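S.K.: Residue numbers (our numbering), protein chains in the order written: chain A, 24 to 342; chain B, 3 to 444.
Treat the hints as calculated values from the structure; they're not laboratory data.
Check before you lean on any hint, since a few could be wrong.
As the list claims (entries may be wrong) - One-sided excerpt, in silico: chain B residues whose CB lies under 8 Å from chain A: (1) Arg112; (2) Thr408; (3) Glu409.
Note that this is a predicted model, so its numbers are computed, not measured.
Glycine residues also receive a C-beta, built at the ideal position from the N, C-alpha and C atoms.
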Amino acid sequence: MTTHSTLAAPPAAVGPARLRTPHGGSKLERRRQRWGWLFVSPFLLVFALFLIFPLFYAFGMSLFTSTLATGTKFTGIDNYVKAFTDPLFLEGLLRVAAFAIVMIPAQLIVAMAAALVLDTLVTRLASLSRLFIFAPYAIPVVIGALMWSFLYSPRFGPGATLFDLVGLPTPDFLASDTVFASLVNIVTWQWSGYYMVVIYAALRSIDPSIYEAARIDGANGWQTAIRIKVPMISSSVVMVITFALIGTLQFFTEPVVLRNIAQGAIDAAYTPNMYAYSLAFSYSQFNYASAIAFSLGMLVFAGSFVFLFLTRKQSGLKS
Amino acid sequence: MKSKILAATGVVAVAAAALTGCSTGEAEASCTNEIRKPDATQVSVWAWYPAFEDVVDLFNESHDDVQICWTNAGQGNDEYTKFSTAIESGSGAPDVIMLESEVLSSFSIRDALVDLTEFGADDVKGDYTEGAWKDVSSGDAVYAVPVDGGPMGMLYRKDILDQYGIAVPTTWDEFAAAAQALKDAGAPGVLADFPTNGRAYNQALFAQAGSVPFAYDNAEPTSIGIDVNDDGSKSVLAYWDQLVKDGLVATDDAFTADYNTKLVDGSYAIYVAAAWGPGYLGGLSDADSDAEWKAAPVPQWDPANPVQINWGGSTFAVTSQAKDKEAAAVVAKEVFGTEEAWKLGIEKAALFPLWKPILESDYFRDLEYPFFGGQQINKDVFLDAAAGYTGFTFSPFQNYAYDQLTEELYAMVQGEKTSDEALDDLQGSLEQYATEQGFTLQ
Numbered sequence: 024m025t026t027h028s029t030l031a032a033p034p035a036a037v038g039p040a041r042l043r044t045p046h047g048g049s050k051l052e053r054r055r056q057r058w059g060w061l062f063v064s065p066f067l068l069v070f071a072l073f074l075i076f077p078l079f080y081a082f083g084m085s086l087f088t089s090t091l092a093t094g095t096k097f098t099g100i101d102n103y104v105k106a107f108t109d110p111l112f113l114e115g116l117l118r119v120a121a122f123a124i125v126m127i128p129a130q131l132i133v134a135m136a137a138a139l140v141l142d143t144l145v146t147r148l149a150s151l152s153r154l155f156i157f158a159p160y161a162i163p164v165v166i167g168a169l170m171w172s173f174l175y176s177p178r179f180g181p182g183a184t185l186f187d188l189v190g191l192p193t194p195d196f197l198a199s200d201t202v203f204a205s206l207v208n209i210v211t212w213q214w215s216g217y218y219m220v221v222i223y224a225a226l227r228s229i230d231p232s233i234y235e236a237a238r239i240d241g242a243n244g245w246q247t248a249i250r251i252k253v254p255m256i257s258s259s260v261v262m263v264i265t266f267a268l269i270g271t272l273q274f275f276t277e278p279v280v281l282r283n284i285a286q287g288a289i290d291a292a293y294t295p296n297m298y299a300y301s302l303a304f305s306y307s308q309f310n311y312a313s314a315i316a317f318s319l320g321m322l323v324f325a326g327s328f329v330f331l332f333l334t335r336k337q338s339g340l341k342s
Numbered sequence: 003m004k005s006k007i008l009a010a011t012g013v014v015a016v017a018a019a020a021l022t023g024c025s026t027g028e029a030e031a032s033c034t035n036e037i038r039k040p041d042a043t044q045v046s047v048w049a050w051y052p053a054f055e056d057v058v059d060l061f062n063e064s065h066d067d068v069q070i071c072w073t074n075a076g077q078g079n080d081e082y083t084k085f086s087t088a089i090e091s092g093s094g095a096p097d098v099i100m101l102e103s104e105v106l107s108s109f110s111i112r113d114a115l116v117d118l119t120e121f122g123a124d125d126v127k128g129d130y131t132e133g134a135w136k137d138v139s140s141g142d143a144v145y146a147v148p149v150d151g152g153p154m155g156m157l158y159r160k161d162i163l164d165q166y167g168i169a170v171p172t173t174w175d176e177f178a179a180a181a182q183a184l185k186d187a188g189a190p191g192v193l194a195d196f197p198t199n200g201r202a203y204n205q206a207l208f209a210q211a212g213s214v215p216f217a218y219d220n221a222e223p224t225s226i227g228i229d230v231n232d233d234g235s236k237s238v239l240a241y242w243d244q245l246v247k248d249g250l251v252a253t254d255d256a257f258t259a260d261y262n263t264k265l266v267d268g269s270y271a272i273y274v275a276a277a278w279g280p281g282y283l284g285g286l287s288d289a290d291s292d293a294e295w296k297a298a299p300v301p302q303w304d305p306a307n308p309v310q311i312n313w314g315g316s317t318f319a320v321t322s323q324a325k326d327k328e329a330a331a332v333v334a335k336e337v338f339g340t341e342e343a344w345k346l347g348i349e350k351a352a353l354f355p356l357w358k359p360i361l362e363s364d365y366f367r368d369l370e371y372p373f374f375g376g377q378q379i380n381k382d383v384f385l386d387a388a389a390g391y392t393g394f395t396f397s398p399f400q401n402y403a404y405d406q407l408t409e410e411l412y413a414m415v416q417g418e419k420t421s422d423e424a425l426d427d428l429q430g431s432l433e434q435y436a437t438e439q440g441f442t443l444q
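With these hints in hand, go ahead and build the complete structure from the sequences.
M.R.: Here you go:
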């Protein structure tokens with residue numbers, strides 16, 4: 024159990040303290056709590072200033088409607104009704120859902136395969152490979168996307184040369200039907216290394232004597248990997264998927280950068296986040312943009328909550 | 003607990019005030035240029051003209067009571083995004099801002115700009131052509147002072163047209179024939195590009211056939227006329243759609259690295275451009291070393307009744323957040339109000355002046371451009387184009403209108419829509435948007 028999950032450990036530690044103070048507790052306890060608040064306060068301040076306050080502010084804004092011609096008035100939840108019947112927003116949601124279905128398994132498979140292979144290797148080559156697979160994550164997202172936009176460019180990119188070698192016509196990586204795959208490729212390239220490191224770290228924390236036991240029982244390398252290692256790191260996998268899910272639903276930077284060279288294929292409402300951005304900053308509809316952003320936030324929250332609930336066994340949130 | 007939350011909120015408020023106070027104070031201090039006379043009133047200016055620092059220095063040296071504090075806050079949309087956010091938050095905007103004439107209505111409807119008629123706009127009205135002045139005014143109000151313009155002409159590669167024995171087209175029919183001839187001759191490039199994200203460029207092409215997409219007047223700010231699917235626009239778009247279908251023109255996105263290279267490496271033999279186009283070409287790399295550029299008037303639909311068109315052009319507006327509006331108006335009127343400033347603007351930044359004293363001068367008319375092998379392009383092309391331009395009305399949601407136009411044109415070149423359907427759908431989406439925004443349709 025202890026190697027299984029760090030998430031499960033804290034409740035066990037604070038459990039006894041909680042039990043003693045159901046209704047406020049002794050003077051000592053209260054003083055201790057006061058010190059606790061003091062230590063937490065720097066974080067709380069930043070948290071309130073940069074998260075809670077803007078959140079309430081945005082929610083407040085989303086309850087008003089401001090039009091170019093007639094000014095601002097209070098309209099309650101009208102903006103939310105409009106958002107969930109807005110074809111541009113709904114299409115964007117479907118698109119990020121499609122991205123989630125393709126992109127998350129792709130990243131997970133690459134990360135898992137790399138981690139499992141590196142875990143069995145103990146040569147110097149292994150640590151070097153680990154570094155190289157991780158390297159894309161160290162590149163800022165905007166720079167990475169810019170770099171790929173040059174690689175995809177029909178003029179500057181290596182595509183023409185490579186496809187000429189095998190005698191095939193060069194595909195247009197930025198046409199409306201190929202740009203989806205091009206984006207999946209950028210994200211997978213960038214994030215797989217990071218997830219690989221998370222999974223690799225989890226693999227390293229498994230007690231090697233378990234492998235010995237498996238070997239004695241007659242398991243080969245493949246069986247050890249699939250039947251022993253993968254189930255034992257399920258909590259890390261759940262974490263990786265949660266990160267990837269949240270990131271994908273908020274998909275923004277890569278399509279925005281690629282939009283500079285493919286304005287037809289990637290429209291201003293390509294993802295819900297991009298839609299909120301262009302509503303606010305290109306079309307000056309700050310109120311409706313807040314409603315879109317808030318709706319997206321609620322969906323992301325609900326999505327991750329449902330996912331964590333369904334995987335509560337694997338993640339160790341519930342034993 | 004409650005008191006603590008209240009205390010925390012108080013801290014937040016104080017911190018927020020400190021942050022905003024800090025940012026406005028900083029904007030004043032950080033000028034790109036050096037302030038020569040620190041005691042004079044300072045006016046902050048956002049602008050992205052090339053070689054603008056020299057113009058600012060010139061202004062500051064010749065004025066004792068006003069000094070410009072200049073910042074480059076990004077080009078076009080980058081600057082507008084910052085300005086838009088500053089308007090929404092109520093602070094952070096500069097005193098004077100460079101805006102393209104096409105976005106003036108979008109900002110004046112948000113009360114972001116000062117009507118300059120109170121600050122002596124009429125004093126300088128006589129210095130500009132009627133078309134240029136119409137672009138900065140709405141009804142009786144004047145929201146900016148014109149700076150440079152974009153009368154359109156046709157820049158072409160003489161070496162390429164000569165090589166394939168193609169005459170310089172003067173009408174759009176000849177233009178289509180030339181495109182066919184170039185293809186038949188087996189040239190590696192095409193005659194020209196039809197960018198679906200050309201925005202103002204596409205609109206200018208429609209305007210040549212009589213399109214008047216918007217009717218809007220600030221005196222009656224809740225009423226707008228939209229007519230983007232008129233017969234003129236439809237015939238223009240059908241013409242380009244046919245060229246695209248026949249593979250006679252490219253459909254590359256404009257303003258990308260690919261496009262910039264193709265402009266100067268011979269992939270397109272003709273660049274239908276504004277007067278600032280030569281300056282744009284001059285700044286691009288990977289150019290053909292033996293390229294021979296010439297300028298000619300823009301092709302016409304009816305050579306008997308030539309129609310001149312405009313693409314782009316910029317102005318200086320005074321923002322409603324300006325602290326000293328009087329001083330700001332002086333800056334807007336006088337930055338580009340001298341011959342010395344304009345000589346810098348023309349020779350270093352390749353701007354096309356709208357200020358008449360220089361526009362109508364012999365110096366400007368006879369200026370020889372080395373990029374065009376010494377051709378006097380102003381005399382040959384752009385002065386006529388500028389004189390024939392009668393002004394244009396843009397919508398107060400121009401950015402949205404352009405984004406929609408790009409989407410429809412893209413759908414057309416992808417073969418999903420005919421040219422007529424594309425423009426009819428554009429009309430529908432703009433009408434719906436205008437209604438949602440509280441406008442009544444005329």
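S.K.: So, for every hint listed, does it hold in this structure?
M.R.: Cross-check of the supplied hints:
Because the smallest distance between the Cβ of Arg112/B and any Cβ of chain A comes to about 7 Å, under 8 Å, the interface hint for this residue holds. Interface hint at Thr408/B: satisfied, since its Cβ lies 6 Å from the closest Cβ of chain A, which is below the 8 Å cut-off. Nearest Cβ of chain A to the Cβ of Glu409/B: about 6 Å, under the 8 Å cut. The hint holds.
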